[in-house]
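Protein chains: 2
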Amino acid sequence: MSVHRLTLGDVLSEHRRGRPLGTAVVDGDVRLSYPELGDRVDRLAGALAADGVGAGDRVLWLGQNSFRVLELLLACGSLGAVLCPANWRQSADELAHVLDDLTPRLVVWEESEAVEKARSQVSLDARWVRSGEEYEAYAAAGVPLAAEPDVPDDAPVLALYTAAFDGRPNAALLSHSALVAHSMALLHVRQMEDGFAFLACGPLFHVGTMMFTLATFQIGGKLVFTPAYEPTEVCRLIDAERCTQAFLFGPMIDGLVEANKDRRYDLSSLRFVSHSPEWDEMITVDSSPWCASGMGGYGQTEAGGMLTFLGLGMGGAGLAGRPSPLVHVRLLDPSGAEVPAGEVGEICARGHSLFSGYWNRPALNAAKAAGGWHHTGDLGRREPDGTLTFIGPRLRMIKSANENIYPAEVERALKAHPAVADAAVIGVPDERFGQSPKAVVVLADGASATAEEIIEHVRGEIASYKKPREVVFADAIPKKGYTPDYDALDAAHGGGAYPGA
Amino acid sequence: MSVHRLTLGDVLSEHRRGRPLGTAVVDGDVRLSYPELGDRVDRLAGALAADGVGAGDRVLWLGQNSFRVLELLLACGSLGAVLCPANWRQSADELAHVLDDLTPRLVVWEESEAVEKARSQVSLDARWVRSGEEYEAYAAAGVPLAAEPDVPDDAPVLALYTAAFDGRPNAALLSHSALVAHSMALLHVRQMEDGFAFLACGPLFHVGTMMFTLATFQIGGKLVFTPAYEPTEVCRLIDAERCTQAFLFGPMIDGLVEANKDRRYDLSSLRFVSHSPEWDEMITVDSSPWCASGMGGYGQTEAGGMLTFLGLGMGGAGLAGRPSPLVHVRLLDPSGAEVPAGEVGEICARGHSLFSGYWNRPALNAAKAAGGWHHTGDLGRREPDGTLTFIGPRLRMIKSANENIYPAEVERALKAHPAVADAAVIGVPDERFGQSPKAVVVLADGASATAEEIIEHVRGEIASYKKPREVVFADAIPKKGYTPDYDALDAAHGGGAYPGA
Chain A
1 MSVHRLTLGD VLSEHRRGRP LGTAVVDGDV RLSYPELGDR VDRLAGALAA
51 DGVGAGDRVL WLGQNSFRVL ELLLACGSLG AVLCPANWRQ SADELAHVLD
101 DLTPRLVVWE ESEAVEKARS QVSLDARWVR SGEEYEAYAA AGVPLAAEPD
151 VPDDAPVLAL YTAAFDGRPN AALLSHSALV AHSMALLHVR QMEDGFAFLA
201 CGPLFHVGTM MFTLATFQIG GKLVFTPAYE PTEVCRLIDA ERCTQAFLFG
251 PMIDGLVEAN KDRRYDLSSL RFVSHSPEWD EMITVDSSPW CASGMGGYGQ
301 TEAGGMLTFL GLGMGGAGLA GRPSPLVHVR LLDPSGAEVP AGEVGEICAR
351 GHSLFSGYWN RPALNAAKAA GGWHHTGDLG RREPDGTLTF IGPRLRMIKS
401 ANENIYPAEV ERALKAHPAV ADAAVIGVPD ERFGQSPKAV VVLADGASAT
451 AEEIIEHVRG EIASYKKPRE VVFADAIPKK GYTPDYDALD AAHGGGAYPG
501 A
Chain B
1 MSVHRLTLGD VLSEHRRGRP LGTAVVDGDV RLSYPELGDR VDRLAGALAA
51 DGVGAGDRVL WLGQNSFRVL ELLLACGSLG AVLCPANWRQ SADELAHVLD
101 DLTPRLVVWE ESEAVEKARS QVSLDARWVR SGEEYEAYAA AGVPLAAEPD
151 VPDDAPVLAL YTAAFDGRPN AALLSHSALV AHSMALLHVR QMEDGFAFLA
201 CGPLFHVGTM MFTLATFQIG GKLVFTPAYE PTEVCRLIDA ERCTQAFLFG
251 PMIDGLVEAN KDRRYDLSSL RFVSHSPEWD EMITVDSSPW CASGMGGYGQ
301 TEAGGMLTFL GLGMGGAGLA GRPSPLVHVR LLDPSGAEVP AGEVGEICAR
351 GHSLFSGYWN RPALNAAKAA GGWHHTGDLG RREPDGTLTF IGPRLRMIKS
401 ANENIYPAEV ERALKAHPAV ADAAVIGVPD ERFGQSPKAV VVLADGASAT
451 AEEIIEHVRG EIASYKKPRE VVFADAIPKK GYTPDYDALD AAHGGGAYPG
501 A
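First to last, the sequence lines map onto chains A and B. Residues in the first sequence are numbered consecutively from 1, following full-length UniProt numbering. Residues in the second sequence are numbered consecutively from 1, following full-length UniProt numbering.
To be clear, the hints were calculated from the coordinates, so they are not data collected in a lab. A quick note: this is a predicted structure, and the numbers were derived from the prediction, not measured. Hints are supplied without guarantee of correctness; some may be wrong.
Computed from the model, here is a short list of chain B residues facing chain A with C-beta under 7 Å [claimed, not checked]: (1) Met1; (2) Glu14; (3) Leu187; (4) Leu354.
Even glycine gets a Cβ: it sits at the ideal position worked out from N, Cα and C.
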């Protein structure tokens with residue numbers, strides 16, 4: 001075994017010795033120390049191994065938040081297997097896709113009609129274990145392995161399905177090393193210290209909750225699990241467990257302020273971002289770079305969570321700050337060449353926290369790692385001070401007179417016009433230039449602007465060759481999830497002649 | 001190239017883009033931004049490559065502190081080569097040993113009689129470049145390489161000679177990954193943030209100065225170099241460059257207080273450990289775990305610097321705190337089995353910041369990495385709360401009635417007696433038990449104690465079987481460096497029958 005290895009199991013192994021007295025996990029009536037958590041993981045790994053779960057195999061969790069997600073992750077990790085906590089609230093068809101795609105050897109599930117329907121739709125050679133008593137009996141019957149398998153730390157251990165902007169979701173595989181590296185960056189930027197207690201009240205199938213869960217684990221802190229966000233229960237847990245942090249943003253925070261308006265709960269242990277006068281009085285406003293910057297940055301599941309942190313570029317021009325100290329970012333054009341500062345390119349990265357590709361997507365993985373750079377699929381720009389700005393998803397590219405034009409960049413400029421409520425940009429065939437950009441614009445209620453005024457506005461925001469040659473007005477932009485439905489727009493407004501098409 | 005790679009060159013590459021405006025390096029009249037530093041490194045790498053320096057080759061620096069140590073490190077790193085900054089104040093014989101052992105392809109040196117004498121003693125096929133103008137001309141003539149070599153980040157890049165307690169010094173090889181990992185741990189514990197400025201006023205051939213230099217580099221901070229510690233100049237630089245930290249401890253701090261007693265220099269930018277009322281008034285006392293804990297922990301060059309941090313176990317019983325989040329520590333007995341908490345064993349570790357072995361010491365390297373654990377050669381103990389205490393070097397082991405007894409542990413107990421000024425423990429042949437421990441004790445001036453009183457005292461401190469059977473009094477303990485000269489003690493006091501001997 002390499003003296004440089006550090007798997008999640010090694011981290012647990014250290015905490016069993018280094019933190020024998022404190023609390024590792026709280027979940028309802030369950031309270032475990034690190035040695036107790038370790039003992040459970042050992043038995044669970046024995047049970048999984050007896051079921052044939054080994055290196056490269058997948059285990060699927062379909063249920064609400066639970067400390068069992070963490071122990072399953074650790075048990076899978078010790079065998080070289082992968083845990084996937086998936087959104088159990090998806091439709092039966094979506095769940096069936098996950099089952100077909102992931103082909104898990106074991107599924108731990110909570111009662112749900114959709115899960116049962118999905119199970120009946122697929123043919124899968126998997127063991128199904130119901131969460132709760134059945135799971136507890138299954139785990140308790142496990143016999144710890146006599147010898148720990150020699151799992152390398154670049155083996156994937158966590159799979160998270162990411163909402164692809166287009167098409168079916170893909171399971172991003174994250175290795176022990178990537179998770180440990182991401183945790184280190186977060187420990188640094190959030191200044192997570194001895195005694196840190198995290199309340200996992202956001203979904204564990206989302207990287208935002210998972211990344212703080214794992215960073216807290218990395219530093220040997222206390223993890224408090226609750227099935228889902230419920231404002232009064234979240235307040236009660238912060239008070240009872242003296243939580244330092246929780247997974248919260250805007251409307252969730254407002255919910256807590258409302259639930260605690262009688263000040264029944266003492267939330268002063270929470271060191272969090274400033275939000276409103278009422279909130280700031282209830283908690284301790286945190287001054288770490290993570291909180292002082294308003295918890296910003298640019299991230300994606302494929303980067304283990306955050307790729308850049310606003311807290312590493314505070315006061316800078318870029319809205320995404322600077323990269324984690326463990327990654328290196330370049331902005332590349334479609335040929336793989338770097339674009340100069342100030343120009344928009346695809347955010348590409350290299351470094352320790354990057355994923356190991358998607359499960360079962362060899363062609364996509366090769367494209368994502370072209371030239372030794374992870375291609376995020378998002379557009380960004382280096383500002384003159386070196387900080388980064390996220391522009392938008394790179395869904396399409398228009399090629400006009402040999403120049404690359406990304407719709408997201410032009411749309412951003414269009415939406416900066418006060419009369420524009422929404423906008424989308426497509427490429428239309430152009431005899432002279434190959435393509436030219438055309439804008440579909442939705443005006444704000446009661447506002448008015450001419451096509452000429454809007455084009456002139458864009459010319460003032462970005463390079464002139466990127467401005468739309470033509471602007472048409474519409475009542476709404478058709479959407480696919482959060483982004484424009486470009487296929488529908490092309491069909492309605494004469495789009496075509498895209499490069500590579 | 002792997003999307004997970006992060007060499008020191010990748011870090012520099014990021015800073016060239018992400019920090020184009022600030023200052024990277026200050027050294028006398030030299031001020032460089034990160035892009036300027038990067039350009040120098042590119043040319044220097046070209047010059048080194050033209051001289052045949054490639055993967056695995058060594059470059060030796062024999063001189064005072066200089067920003068050139070950093071640029072040589074980065075240039076070597078980009079070629080897969082290794083830089084060794086060595087103590088140029090060693091004797092000619094010691095320097096000749098370094099030259100013979102390291103067999104560098106290039107030596108950059110400052111004028112010194114000892115260096116010239118050492119050079120004449122060895123037969124070495126190396127290019128010698130004088131620091132200063134000759135070096136500048138050499139570096140300026142370099143032509144940047146057309147393509148960057150694909151150096152893996154587990155390639156060694158830095159070699160630091162460590163003072164072996166016994167025998168000749170060995171050059172510990174540290175890889176890009178190990179240095180990056182150690183920097184991350186330090187960024188976390190010291191809360192090093194945007195705008196951090198480090199004054200390298202301790203020797204760069206020592207890991208204590210190097211580790212902060214590299215962590216500052218990792219976060220894209222400002223590095224201020226000064227040839228050596230000179231109190232007034234250190235005060236002036238802290239003031240002029242608004243340094244956040246410097247390499248300082250006890251007597252060096254007193255020197256600054258004395259040099260600045262007229263308060264001519266504003267040292268308030270320095271965020272440092274509390275030391276004396278005068279000092280605390282001059283600086284800003286820092287509350288990061290690193291400073292709040294008094295900058296403690298356990299470290300060695302082979303771990304990249306710190307293996308454990310007191311700041312990660314504040315308030316705990318162990319004087320060395322807890323391991324870096326990127327390492328895992330176990331206390332092992334000579335058979336490789338773990339000793340229980342409370343027992344003394346060898347501090348062994350696994351993790352990201354560990355070295356890649358010593359240059360040119362295959363047998364020693366195999367022994368140091370036995371069983372997949374790095375063996376530090378030092379003894380430690382887990383306290384009941386899981387924190388660690390460093391006991392002393394594991395130089396010898398006594399075997400009595402099949403029990404392992406480490407002299408360092410017994411000596412620690414002996415020195416805790418108020419009448420004992422110094423002590424050493426050897427093993428003497430014993431017909432019944434194989435060996436038995438014998439103490440050689442130096443009494444404090446004017447103090448008195450009987451052998452029986454001292455033995456009784458030790459019995460109260462540690463397990464009874466470890467107590468000396470016999471105590472003899474002496475005027476002094478012969479030393480080899482900082483540790484007892486056990487060979488001389490054995491000869492004088494009848495030692496022998498050591499296990500394995």
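If any of the earlier hints don't hold here, list their numbers in rising order. none
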